[in-house]
Every structure is written in C-alpha cells, then in structure tokens.
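8 protein chains.
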Amino acid sequence: MKQAELLNNLKKVAAHEITPQQAAEKLSEIDFTELNYAKIDTARKKRTGYPEVIYGAGKTPEQISGIATALKKQGQPVLVTRVTPEKATKVQEKVSDLNYNSTAQVMIWEPQPATHIGEIAIVTAGTSDIQVAEEAAVTAELFGNQVTRIYDVGVAGIQRLFAKLNVIRQAKVIIVIAGMEGALVSVVGGLVDQPVIAVPTSIGYGSNLNGMTPLLGMLNSCSAGISVVNIDNGFGAAYNASMINHLASKEAAR
Amino acid sequence: MKQAELLNNLKKVAAHEITPQQAAEKLSEIDFTELNYAKIDTARKKRTGYPEVIYGAGKTPEQISGIATALKKQGQPVLVTRVTPEKATKVQEKVSDLNYNSTAQVMIWEPQPATHIGEIAIVTAGTSDIQVAEEAAVTAELFGNQVTRIYDVGVAGIQRLFAKLNVIRQAKVIIVIAGMEGALVSVVGGLVDQPVIAVPTSIGYGSNLNGMTPLLGMLNSCSAGISVVNIDNGFGAAYNASMINHLASKEAAR
Amino acid sequence: MKQAELLNNLKKVAAHEITPQQAAEKLSEIDFTELNYAKIDTARKKRTGYPEVIYGAGKTPEQISGIATALKKQGQPVLVTRVTPEKATKVQEKVSDLNYNSTAQVMIWEPQPATHIGEIAIVTAGTSDIQVAEEAAVTAELFGNQVTRIYDVGVAGIQRLFAKLNVIRQAKVIIVIAGMEGALVSVVGGLVDQPVIAVPTSIGYGSNLNGMTPLLGMLNSCSAGISVVNIDNGFGAAYNASMINHLASKEAAR
Amino acid sequence: MKQAELLNNLKKVAAHEITPQQAAEKLSEIDFTELNYAKIDTARKKRTGYPEVIYGAGKTPEQISGIATALKKQGQPVLVTRVTPEKATKVQEKVSDLNYNSTAQVMIWEPQPATHIGEIAIVTAGTSDIQVAEEAAVTAELFGNQVTRIYDVGVAGIQRLFAKLNVIRQAKVIIVIAGMEGALVSVVGGLVDQPVIAVPTSIGYGSNLNGMTPLLGMLNSCSAGISVVNIDNGFGAAYNASMINHLASKEAAR
Amino acid sequence: MKQAELLNNLKKVAAHEITPQQAAEKLSEIDFTELNYAKIDTARKKRTGYPEVIYGAGKTPEQISGIATALKKQGQPVLVTRVTPEKATKVQEKVSDLNYNSTAQVMIWEPQPATHIGEIAIVTAGTSDIQVAEEAAVTAELFGNQVTRIYDVGVAGIQRLFAKLNVIRQAKVIIVIAGMEGALVSVVGGLVDQPVIAVPTSIGYGSNLNGMTPLLGMLNSCSAGISVVNIDNGFGAAYNASMINHLASKEAAR
Amino acid sequence: MKQAELLNNLKKVAAHEITPQQAAEKLSEIDFTELNYAKIDTARKKRTGYPEVIYGAGKTPEQISGIATALKKQGQPVLVTRVTPEKATKVQEKVSDLNYNSTAQVMIWEPQPATHIGEIAIVTAGTSDIQVAEEAAVTAELFGNQVTRIYDVGVAGIQRLFAKLNVIRQAKVIIVIAGMEGALVSVVGGLVDQPVIAVPTSIGYGSNLNGMTPLLGMLNSCSAGISVVNIDNGFGAAYNASMINHLASKEAAR
Amino acid sequence: MKQAELLNNLKKVAAHEITPQQAAEKLSEIDFTELNYAKIDTARKKRTGYPEVIYGAGKTPEQISGIATALKKQGQPVLVTRVTPEKATKVQEKVSDLNYNSTAQVMIWEPQPATHIGEIAIVTAGTSDIQVAEEAAVTAELFGNQVTRIYDVGVAGIQRLFAKLNVIRQAKVIIVIAGMEGALVSVVGGLVDQPVIAVPTSIGYGSNLNGMTPLLGMLNSCSAGISVVNIDNGFGAAYNASMINHLASKEAAR
Amino acid sequence: MKQAELLNNLKKVAAHEITPQQAAEKLSEIDFTELNYAKIDTARKKRTGYPEVIYGAGKTPEQISGIATALKKQGQPVLVTRVTPEKATKVQEKVSDLNYNSTAQVMIWEPQPATHIGEIAIVTAGTSDIQVAEEAAVTAELFGNQVTRIYDVGVAGIQRLFAKLNVIRQAKVIIVIAGMEGALVSVVGGLVDQPVIAVPTSIGYGSNLNGMTPLLGMLNSCSAGISVVNIDNGFGAAYNASMINHLASKEAAR
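Protein chains in written order, with our numbering: chain E, 1 to 254; chain L, 1 to 254; chain R, 1 to 254; chain Y, 1 to 254; chain V, 1 to 254; chain C, 1 to 254; chain X, 1 to 254; chain F, 1 to 254.
By construction, these hints were calculated from the structure, which means they are not laboratory data. Certain hints may be false.
[Said to hold, decoys possible] Straight-line alpha carbon distances no greater than 27 Å define the calculated BS3-like cross-link-like pairs of lysine-lysine that follow: (1) F:Lys164 x L:Lys46; (2) L:Lys87 x Y:Lys164; (3) X:Lys94 x X:Lys73; (4) R:Lys73 x V:Lys164; (5) R:Lys45 x Y:Lys87; (6) C:Lys90 x C:Lys46; (7) V:Lys72 x C:Lys164; (8) V:Lys45 x C:Lys73; (9) C:Lys87 x C:Lys46; (10) X:Lys94 x Y:Lys164.
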C-alpha cells in the first residue's frame, strides 16, 4: 500500500470523516477478495503494475473458474498459465469467453485489446523450446508489448543467429530460451547492448537434470548483462521483460 | 560487429579503397588487443555498451596490471573485481593510479568522472551482505548510475523494510541482496512495480549450502518480476541494473 | 516403558507374585499386537500420548483393514493417512465405519468425539497447499485441538497476511504451509511470539526440486522460532502442534 | 506491530494529539535504531517475546560492539553467537562487560539475572556434539529456562539412554543433538510424550556431507513429534524450546 | 579362472596333449555360453560359489527365457529378480516350470532342493519394507540358508525390537531393511555381535529422496559392524549374508 | 563458414560482380533453410563433415516430416533419433521411405549407400545396454564406418571380455557402453591403445541415479585415454568415433 | 544386555538377594562409566564382541586421555582413530604408553598381544589409498586377525591384480580400497568367492566429489557379494571383516 | 598382455623351453616392478602405447622419486603431474634431472627428445584456464605431438574466436578448456570438423560448483562431436588427443 494512501486515511481520521476502527479495517482488509479457497489480490495491478495471474497447474477447474470470474467482474484482464487442453475444456464450460491457446497452454480474457508498445525479442535455441517461448510471447502481448519471435537459432549452427542479429538488436529487451547446455545465452549476451533475460528449459536428457544444467550454466555465463528465471518459466521472463520495456514510457508519463 | 560496419567494409572493397585481404583482416582481427596471456576485447564497449571488466580472482598482479594498462591506453574506464588487499598493493606498484575500494574489493580507474543518471536502489537483508552490496554499488556508480543504499532491512523485522519502502519505490530498478533463505526478495517483489534483480549471498551456515539455498529460493519466488544472478555476484546485478536504468535515456537519444 | 512399571514388576517378582520368567516376558512382550505383517504398537498412546497412526501409502487395503480393526478392538482412535479414493473404497468394504475425507485423503474412526482445546492456526501461502493443510487440520482435530484455517495469504500480496494477523496471533501454535520458495514462514516468524511449525510443499516446478527448495529455505529462515517437518507432511506438523498445545493443560493436570 | 497500537495511534490522530504525518512516522519508523551498518530491531522483544540476537559470524568486532552497545542502552539482554576467542577479545576491548563462554562460543550481557522456569532437556549423541549443545544451553538459560544436560547417550550404547530416560521425561521440551546418522532422535521420539526439537550436527566425515545426512534423516524420522532446525543451530533449537516451555506460564498469566 | 586350472592346461600343452592354440582358446573361450544377446557366465558358480543370476528388470521375456533355458541345461539353479506379474506370465509360456513368487517378484527353478544351513535373520522396520525383505529371503533360501523373518520392529516402538532380540541374536548374520531414516540399523548394530548388512528402501516421501536418505544414514551409522548395499537391493544383501553364513562350513570342509 | 569463401565473396565485391548488400546477405543468410518452426542448418555437412541430425524426442511428427523432407530435397542423408514406434508410424504416413529401426529407435533415409571404412568396436557391459548400443551402431554405419558389436562382456564375468580382446583391439576406436557402476570402461581403457569413448546408461536402480553414477565413475576413471558423452547418448558416441575413424583417410586425401 | 543376565537379575530379586530398586539400577546404570564429557560404554565388548573405540577427530587431547585411561583401568584394549601427529604428542604427555602409528594415524594400547587367527586380505587400487588401508590393517590386527596387504593393483594395469589373485583368494574376507571411480571392487568381486567389503576413498579430484563417486559406484557394482562402508572408513571395514573372520572359530567354540 | 605373447609362451612350454610353472609366472608376474609402496606398470607403454604417468598429488616426494627412478632405469619417459613447487624441490634433491614446469605444475624427464607430429590445438576461454591448458600442452608435447596454443577466446567476445578459427581448423584434434558455463565448447563444436575434447575447469564461483556446472554443460552440448574429461584434467585431454593424432601415422605404419 502506498504511503500516500496511508497518510490520506490518517488525515480522514483526523478530520473525523472516518473512525479509527474504520481506518484500521481500511488499511488492511480492502485489498483482496475473499473466496472460499483463495484470497484474490485485486490490488496487485495498482501496487505492482500488473494484475494477479492464475497459475493453473495446481488448481481445479472450479477454482480457476471462480478466480477468473472474480477478476473479470473487476474489469481486470485474466491470464491462466499451465492449463492442459482437458482442463481448459472444463473451465470453458463455466467461463466460455476465456480463450485457450494450446501451444502456449494458457487461457486469456481481455476487457479490451492492449496497446502494444516497444519491442521484446524472444529467441530460442531449438524447435523444442517453442512451447515455453509461446507462453512468454502470449504473456508479453497481453501485457502490452510488441513481440518478435526468432526461433531455432542455437549455436550448433551459429550462422543462423548472426543472420538474425540485426532483428534481435532492434528490441529493447531480449528473452533467450534454451535447453541442453544453454550456451546460446552467453553468445547473445556478448553481442548485444540490451538486458537479456535467460530461460532454461527442461529439454534434453540424462545429465540435463530436467533443466538444472542450463539453469546453472546461464547463472555462470561469462557474458555480463544476463539475469535468469526459473526452468521453463516463460511467463516470468515475459513479466520481467514487460516491466523493463515499459520503463521508458512510464518515465515519460511522469 | 555491427552489420553496418560489415557493409561499410564491403563497400570500401567495392570502391577499391582496401583489398579483400585487408577487409578480411579488418573484419576479424581488429577488435581485440593481443597480450601474451590475454586477448583484450577492446570492442566490447562499442558492441555491448560497457567496457571489458577484469575478473581479478584468477589472475596474477602482472596479468591485471597488463590488461589495465592496455585498457587505459585506449581511454577506457578500468574495473577490476575480487581483488584482495594484498593483491591490490602489488598491482598499485605497477599501475599506481588504480584506486582500491577495500569494502567492495574492487580497483577502479576512470578517464573522467561518469555522469550519474536515474536511480538504482540497493537493498540488503543483513549487515553481512554489505560487501556484495558495495561491489554492486561501486560498479553501478562507475557505469553512470545514481545509487541509493538501503541496508539491513530483512524480513525478521519487517517494519524496517516498510519504513524504507517510499525510498525504494523512487528507484527505476531495485537490486535485492540476501543470504540465508533470501525471503526478502519475494516480499519486495510483491510491493513494487519496478524490475527486481536478486542476488543470493553465501551468508549462512549448514544447509545454506554456500548460497545455493537462497539462489534456489529466489528462482522459485512466488512474486513475479524477479530475475536472478549468480551467488555473491554484485557486479553482475549492477551491470544488469545499469542496462535497464539507461534504457530510457538511450531511447530518448535515438 | 516407564521406570515405574519396571520397578513394579520387579517388586512383584520379589513378592513371588510372578516368576522371573513371567516378568521378563512382561517387560518386553506385552506392548504390541502381532499380526502376520505388522506388530501394532498398542502401547504407543500410553508412552507418547498419541495412538499409532497408519501411514496408508505403502500398504494394501487388507493390511490397513487389519491394523484398523485391531486398533478399534482396543478402543483406540484410528487415523489412516495418504489414502487414495480407490483404496478408501476397498478399505470401507471391510471396515465400513472408517470415514473418508477426500480433501485431506485420510480415513478416521473415533471411539467418541474428542474434546477440542486451545487453538492451532493453520496458514497456507496458496490455494494449491490446501490438501496438505487439510491433512494437518483433520489430524489436529482428531487429537483434540481447535483449528483455525487461514488459507492463501502468501507474501506476493502481503496485505492479505496483515489482515489476518490478529486471528493468527490468537492461536497457541502456528503451522505455516508453503511451496515455491516458502518465504511466508520467515515473515510470519518475525511477527508472532508463538512457536511456528513450517511445512514445505512440493508445489512449484523446475528448480523447486519437489519441495527441497522451500524445505532448505525454511531451515535457513532469518526469523527465529521456526522448526521444520518433512515435505508435504501435514500430519507431522499437526502432531507436533498438538503436543505443544496440550502442554499447558497437561501441566495443569499434574 | 500490534493492532492495538495501530488503533491507539489512530485514535490520537483523531483526538488531534498528534498529526497524521507524525502518526505515519510513528507507525513505521520508531521500531528500530539506525546505525551506519545495521538497523537494530529494538521492537522485536515486544513483538516476538525475545530480543534481537546478534549472529556474530559475519560481523566485525566494531559492528558487534556497536549493536551490543545500542541494545544495552535500551536495557535489553545481549546475546552474540558464533564468536571465536580472538574476536571475543577484540569485542571486550570495547564492551568490557560482555561475558564470553568459550565452549558455547557466545557472548552475553544480562541487565539482571533471568528467572529460570520449567525445564528443557538437552540430549546429545556424542562428546563431539557438546559445543552445539552448550550454545543451546546458554541461550535457553538466558531466555529464562531451567536446563538439564544429558550428554553422550547415542544409540551405539543404548543402555546409556535408558538409564537417563527418567530424567529426560521430566522435562517439558526435549532438544536432541546428533551428528553422523542422527538415529538418536528417532529413538527418543518413540519413547517420550513431549515435543522433540532435533538439531543435526556436522560431526562425521565422508558421506555425512557436513550434516546434510543427519538433517535429512531427522526430517524423515519414523517417530512422530519431531521437528528440525538447521545444522549446528543450537541457538535456534533453544529459542523454539523456550517458546514452548513458556507457553504454559504465559497462558496462566492471561 | 583358478590358477590351478591355468597350470593344468599349461601342463597338458607341455605334454603335447593339446596344442597351444587349443590351450589359448580353452583359457579364454570356454567359460561362457554365447547367445545372440548375452554371454552367459556359466563358470560363475565355480569361480564365486554362486551361479549367474538374471536381473529381470531390463530384459524382454524372450531374453529371460533364453538365458534361463541355457542355465537349466547345465543343471544350474535359476533366479530371476525384478519380474512383474505380467512379465512372469509371458516367461512361463516359454519356460513353464519357472516358479513365480509375487511378493518377492522373483522367478525360481531349482534342479534339486537346497540344503539349508546356518541362519540369517531378516529384520524390517515396517510393513512396507516386506517386498524387499522377501526378495532377500527367497534368495537366501535358494542359496542354501535357513532364514528367520522378523518384520515391523522399527524404533518408533522400540519394545517390539527388544522382544525379538533373542531371536535375532541366534542368527549368524543379520540383514536389516529400513526406509524413512533407517535408524533401526544403528540400534540393532549396537546390540549384537554379528555382522549386520543394511538395506535402505525407497519407502518414504519428500526428502527421503527415493532411498538416498536412509542409504546415507546407514553409511554414517554411529554403530560399528554395519555394511551397506544399494537401495531396495534385497538380493544383494542375501548374497552377501549367504557368503558369510557359509564361511564356517566351508572352512570346516577344507 | 570457411575463410576461403569469405575472401572469395569479398573478391567478387571488389570485382563488382556482386553488390556489397548481396555479399552481406550471402555471408549470413544462405546457410540454412527457414521453416515455420525450424531453421535447418543445411551447411552443417560442409562445415563439420556431417549433416544435421534430427533429435526426435521433442518434436511432433509434422515437424520431423518437414525437416526430413527439406534435407532429402538437398540430397542429404536423414537420421532421426529417439523415435517411438507410434511416432515413427505417423512420420511414415508423410515420408514413407524413412526406414525405422525399432531396436535403435531411429529413422533413416540414405540418398545412396555409404561406403564403410575403418572399424569401430561397440562394447556393452550387459544385455540391457543394447538399445543404446544399436543407436550408436546404426549411426556409425550411416556415417560410413564398419562396426563390430561385442555385447554383454561386463566385469562380473571378466573372462568374457578377455575372450573378445583380440577382436576389440582390431578396431581403430572403441565405444564402451555400461550402466550400474560403469567399471567396464576402466578395464578396457587399461588394456588397449586406442581412444575409448565411454557412454554411461541409465540401467540400474536406487543410487544409480538414472545414470549419474556411471557418468561420474567414467569421468574419474583411473585409466587414461577415455572421454565421456552424455547418459544414453549412443548417437553422440558414434559421431565422435566416426570423426576419429575418418581422420586417417581424410589426412591421406589432403 | 543379554536376556540371560536380565533373567539372572530377576531371579536374584525373587531370591531376596537384591532389592528391586538395586535390580533396576543394575539393569540400566552399570553398563557405562560416567565422565564429565562422556559415558564410556564399558559393556560394549560383552555385548558386541568388541570394545568401545575412540573416534579421535572431534575430541580434545584431554578427552582422549580421559577415556583411554578409563578403558585401560578395566583392562580393555584402547584404539584411537584419526589422530594427527600433533594431537598424538599431546595425548602421550598424559598417557605415555599409548603407541602412535603415524601412517594409520591411530593410537593403540593392548593389555596383552592379541592372538591372530584366520586371514583378511587388504587390497588397494593405488599408492594414495595406503593411509586408509593401514587404518584398516592396524585395526584388524588389534582385533586378532592375520592381515595380508596387497597394495597398488588398480585396474589400469590389471595384470598386477591377476598376479596377486592367488594370495587374495587365500583370505577369508577381502577388503578392497579404491578412490577415483572404484572399479577395482567390481573386478575383484567377480573373481572371488569370499565376502568383499568395499571402502571408497576421497582420492581423486573434480567430479570425484570427495569420494561420493566411488561410493556410489561401489553400491551399484555389477558384481554381487559386495557391501560398502563410509568414505575413507578403514576402521569400519576392518571391524566388519573381523566379525566375519571370527564367525567360524566362534561357531566351533559353541 | 597381447594374445600373441600368450600364444608364444604357450608354444615355448610345448617345446619344453620353459616349464609350465615358469610360464605361469611369466604370464602374470613380469609386467610390473614391485616397490614397497607401488607396483609400477612397466608394460603399460607396450600395452596402451603410453608409459605409466605419476599422479603427484597424493604421493610423498620419496614415493615420486622412487617411481621416477624405476621408470628411468627402463629408459621410459617420466611425467609427474600435479606437483607443487615445494614438492618439486624435494623431488629434485633426489632425482636432479627431473625438470619442473611451474606453470603446468608437472615434472618431466625424457630419455631423448620426442619427434612431434600432427597438430593439436589447445583453446581456452579465459586467462584463468591457462594452468590446465599448459598441463595439457606439456603432456601432448612429451607424447610427440605438435601443439598450437590459442588462449582467451571465450564467447563474451566471440570475434576473438573467429579471428583464430583458421588456425584452429588446421589441427587434427582440438582441446577446448573453459570454466564458468563452458559455452565455448558448443560454439567451437559447431564450427569444426575435427573431434573436440572438452575440459571443464573449476574457474568461477558460487553456483559454478567447483566445475560441475561447465562439466554438465559440456556433456549436454547441443553441438555433436564433443567428448568430455574430468574437471581440470588437462593431462587426460592431452592423452586422448595424442591417441587420436597418432592414429593416422600408426595406421600408415601397419
């Protein structure tokens, strides 16, 4: 909660507009919607700039529907990640206008189309990384960013990367997604002057250790300017990239 | 190397200004300085926006001096990280104007004072995280950023964090540095609308596993908008934060 | 076996009321019931204050039925944890009055309703942690404790926690259940003056490592007053909390 | 901060006794003392029942002296853990009445002797676990608990444990400290009806993995009623045990 | 191959009874039977005292049948471990007299009933460890050992163990099988004067890490006289125990 | 891209045969074929001596068919690894002349039969390692190598290895494939004067850790002359072995 | 405590020779000697066949001297393991007749020379494993076993092992000690018909992981008849081997 | 031992030139030199093409001197790896003509200068990898290979690598040495048609995990044609590279 609001409430108390008890309740109670199984953080967009997002993997169709409906009522955009096709069908029986993207495995509802500004480049090492990349792309678009997709430019055929370097360099932020050993991140990081957000994927076998190997590799990159999010976490990368991409325009608007 | 330069060189060949052989050499050879033990990447600043930085831990005083001297000759700022006081003294015998900061354990030489723009907040959970924080702070200042230090506001006494929240929220980017379990990162991430760069430290004992525990914790944060760099890597966090902080002004200058 | 009983038996031998051979058997043999596949520890309630509990995961419906029947014969309450709906149905074919709670995945039979004393607060970070929380809640109620449920108050929306802090502070013991990075435990621990029992859950993906990340995080908490049980071990947390909650009344009864 | 205080401050604002701005500062700023390198959580005792404790391992003698002096000024007891003899000597040059216990490696200053109530049993498996045990014992005594020490009763000679079982059973809470495989915890847990707090130690070699093996073993104990703290964390165990031991008297005082 | 046989063959060469070429072949080729997919080590019984055993997990029914038939032809006993019921049925279609034990998940064919000597005690901590225990028991009986089964005597109810201690002490070798933390091994090891072979099982959840926790615990046991085999390796434990049990009689026969 | 080609293109620019813009495109764009979901590295054979190989595990039948068709159009041999029988059937519906080898789980199309030179020995420890061995064998044959298969000669029956040693020693390169502890690699390495490429397999259970144990064992071999590839990576071993085997003839052709 | 003694004491109670209270004390108290810092298990030899052994690593010279003196008073042999030369000198100032073996790093005092029976073969892979081997050898000799040392016969030069095979086969039990990958264990295990006790050592570097790699390798050995003790645990291996070696004679003496 | 020799010895027995007993001794005893602490594998050069190499790290100066002297007597070249300057001085007091290379930390004695054939390229990512690289270079030269050193061409400044690509491509085998994340290996592997041997180094900090991160990364490389040796194992890489480099000439000489 912003300090300004705190002061404002205190002033209302001083002016006898509200009682101290009311102020205390205001300060702590209003910022979420209570469901039986969840407390929806309806103040999140105001506080962090982005609405609450529903992580679909651990929830029942009923829980997803309930939270989505509550968000829609407040006119907030709805994003549900990690939804299997089966679960999506069940959710749509209850909330029919939640659109399902089967490649990215996400569900989306927008109160109105977002304006897309700036540019985020999403780069993958291989074809197998595309599902994670699409989770990132769809998230970034919902959050109002232009997205450029550059897929399958891993270092085993490094000329593919060089051919696309001009395109990549036009973005404000770059998301690099790679499994196996994740070397693409270091190579891109050494060639650009933008922030790079690295996403390790669980693509590979044996000592890939379900993505731990590229995760560790990316954290130890010999190139600077790279930060890392969790394995297969396309959503998290897009969230970060969107924050950075919007910094400039937000500053301008101040 | 930028595509524009490539084209430019090719045009010179077409115009018979240089021979093909000369162009080939130009294209591949000019962008570094060859020492006996190192190839100094003198083009890095042009390519990535930042000069080559010397990681001091694995190098002899002779190697550090040599590389620093080569960078100075080209008028590039010099930053050497992870330098013990003993090694610093030996380096200064050869390059006397390399200043040593014993808290941050870095050496610095600037051709001219940098202009500090924007603002990066550096937040630590405890007193023991200060060395890593100062490595970040000194790096960020050298790279032309204003820095605000907010130290020892860990969640065991969460009112300390809330008291400083207004200050933290004024920054464009936030670096959060924490050892033990690293929970401060998630709390900050849930309260701000700026990108947060998390730095795990090796502070703690037993099952802290030399920083692997907060590293994993930060990567799994329930708050979005957080990306992570390597354990104790204050330099890397500052490098990322600087890139983001400079994005706005760079855009403006286009 | 209590020293008092040992002395008592030895006195009977001295008084020729029982033979030495009978005493030896008494001392070691009487305290369990031998089945074909199990030795039921029927003395456990006398010795530790709680009856033997059946860990259902590794056992066949036949084994569960047999042990439950033996416990019922002695008038002991029956608690079977980790029972899938399919297995529960098969067990009920043999022991029809074992009630099944499908959220907590436990089966229960009580000789008579327990008296609920004191208060245990069960706090979860997310909606996905509810199954573990219900295993804890049902266990605590069977063992005679009042339970307050506070679900989905994770630190990504920390105002939800503060709104419930007064309720949490009224309990004698607090169980905090969280997956991902488990930061909620440290925040709660820094705000209360009761013992906190932390339960990491396997909720999360990638480098969550099936709960090892929050487990390690909780063990390294910067807040004091926290102890930890195994991943997803709601039963174990409730058992501990019940022991602590009953301490006061037990002392009074001495 | 307690809800009652919040209300109280708000009432003062309503009564025009303080300005809203003053209230806002009060609410967030007063609860710690700002040093150059630390923010001392002077409200912790009021909030959690225990004063802030100084973890000495990562701090300089100057920092320890400064924080200790600040706590003493407020009449709060001072406890510094993990202090080597060399560092203790340097601290005592500045704060001469901080007593040093070389077995437990802690420094202590008490404004007045604590009243010792209830009883905590501290049980170790071996002689090598004594340093951790004394850190626990000294902490527990400072926090106002009676302590009974039962050392070197590991399961390799289990008759030693049985001989001391009556003594152990008289305590309200039991701390069990063990290295190697940590089996003593499970045996004690199966024989008592009190809460057991388990402390793994880094005693052992090879696949003991610096205490990770007994840590994992204790978390997986087949006995119920056991919770675990970090490796070698005698302080943490005592803190928990003290909280539990004081529960009864606190309840009585309500 | 025994040195005596080598000498014998060399003597035959010297006596011109066989050619050098024939000797070379004899020395290296005769000791196995070549199948398309396997080289059956038919000399193993002569060399190590035990026949080749078929590890069924990674093999097709056809491969198992083929190898079993080859061993039967030479009058060697057949033991196939890790056979699921489905696979057993398919194998029996080809080799009908291979008996299947569904608890131990092994198949057996004996040319003639073995004479059972000495005694091996097989002790488990819980009911869930019985499958591994039966693999051990059946193996030990096939190899000519008397077996005593003592199941479900884990340390959570330690009086069960003491009640059976006399029986356990009558064996020549003791196999202790336990999951979770494996503490039973240390307790037994401290009470007996026979070799103890410890078998960790994958029974448990969360930080049990599929048996790695009891494996590490057993290797770090504070009791001496314990050696360890792989997780769930009932066969390996029985093989070792049989070797030890037969030592005495073998010596007598020398 | 070869330096010679770079020079050649530059010369054409100098001769005004092509424009600089055309050269720039040539240099970076021509070396791959762009599909919707992949950038096929059609220059790989020229650059590394081997065509691009399709890792089938993470791809849909449509993607495999598309890439295979593109490679066939250029007259390049096609190799798809890790294809299940179900997926193979679907791929063959689109590309009917892609042959499927069900033991090796690979699909193959050859523009013309390769000439097989030199010799690679493929040695396995057990019958269960054969699938990995066949992936290696089929790959090596496709790449123009003679292959000798020596299966099931693990060290538990070491005379089987000695009997085949002469055959193994005739190869130019040796691939050794083993699961469990992987000891066969060290034994072979100590007996031969050829390079040995070691392939750990995930055969085993418990503390085999899905092949990490033999992987680590092979990397720590006490015999020299051994290098290691990823777990179950028969393809990678064959690729390396083929490179080495072809060195001699390539040198001759220079 | 043996059941026979329990009965005997109970009979004395029945005969009024001792009071019940005296019996209870006898049963639990007499079996150890209480020092300030240790409870010496003086009954261990009677119970397990071997005296208590002092693990020197975690103890002060004073503690070692005190325990050694107490054992000597009872006429028990004294063995102190893991003693550095410096610590040994300090211990000898107090207990001058404790002999120090600097290769094995153990101290020994024998009331009378042991009779050496049977035979234990101690086999090492390399020269660097000799310290662990000597700890085993000295322990075994103190416990009354004949010892044969066969050092530096690792599989990199496997003919060295074969040359010593006849000697190895004459032992009743074989201890195999190896670092790096530990392959020697599997080779020996496949060639002998005696129990093999494997000791991994921390010899090696990089991914040897301080002995975890050979430890895991030995547990996964493809040869049967192998059991494993902790890393560098020469003492533990000798203790086990001695138990097995003495089995035959003990049986004979029954 | 070669099959030919075996046959030859057997023929001599048949011809009564030697007795069977002598043959048996010949077959097993002759191939090493017995010292007190080592069995020197003097036949290794004949068997594997390379002499026994002394791993200096775990050995005393006396042991190194003794083994070196024995090898010199047989006219074999001597290579001792991992020798600190202090140890080297002590060894030279006994064997004065063993030359010490302080960068590579190896000692060398050559009976006569080796002829250097072919070419091995040794490529490092950074300046800090040079010690490992020099261990490889010196080893390769001793074994008769020409060596080209290309140091500090890591992917953070990838133009340095491209500038040296022509030089690298002239070698027959390439050794790539890198710490941090090891990405250089994948980039080189995608650009060359020679076998690449990858050496991870322990250069880096935090989650580099002493070289485990680049080790895992290299094993998971997306480029084919790469095999890996142990962390920091420059010697092992050179040994492999030498074997491959000599293949061609050996084949020619057949």
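- Are the Cα positions of C:Lys90 and C:Lys46 separated by 27 Å at most? violated (31 Å)
- Sort out whether L:Lys46 lies within 27 Å of F:Lys164, counting only the CA atoms. holds (21 Å)
- Message: Tell me if the straight-line CA distance from V:Lys45 to C:Lys73 falls inside 27 Å.
- Response: Cα-Cα ~58 Å, so violated.
- Message: What's the verdict on R:Lys45 and Y:Lys87, does the C-alpha distance respect the 27 Å limit or exceed it?
- Response: violated (50 Å)
- Message: Given the hinted pair L:Lys87 and Y:Lys164, is their Cα-Cα distance within 27 Å?
- Response: With Cα atoms ~57 Å apart, L:Lys87 and Y:Lys164 exceed 27 Å; violated.
- Query: X:Lys94 and Y:Lys164: Cα distance at most 27 Å?
  - Reply: Since the Cα atoms of X:Lys94 and Y:Lys164 sit roughly 31 Å apart, the hinted pair is violated (cutoff 27 Å).
- Query: Does X:Lys73 lie within 27 Å of X:Lys94 when you go C-alpha to C-alpha?
  - Reply: holds (15 Å)
- Pair hint C:Lys87 and C:Lys46, alpha-carbon separation not exceeding 27 Å: violated (30 Å)
- Query: Are the Cα positions of R:Lys73 and V:Lys164 separated by 27 Å at most?
  - Reply: At roughly 24 Å apart (the allowed maximum being 27 Å), V:Lys164 and R:Lys73 satisfy the hint.
- Query: Can the restraint linking V:Lys72 and C:Lys164 be considered satisfied, given a maximum Cα separation of 27 Å?
  - Reply: Holds, because 25 Å separates the two Cα atoms, which is no more than 27 Å.
In this structure, the hints that do not hold are numbers 2, 5, 6, 8, 9 and 10, in rising order.
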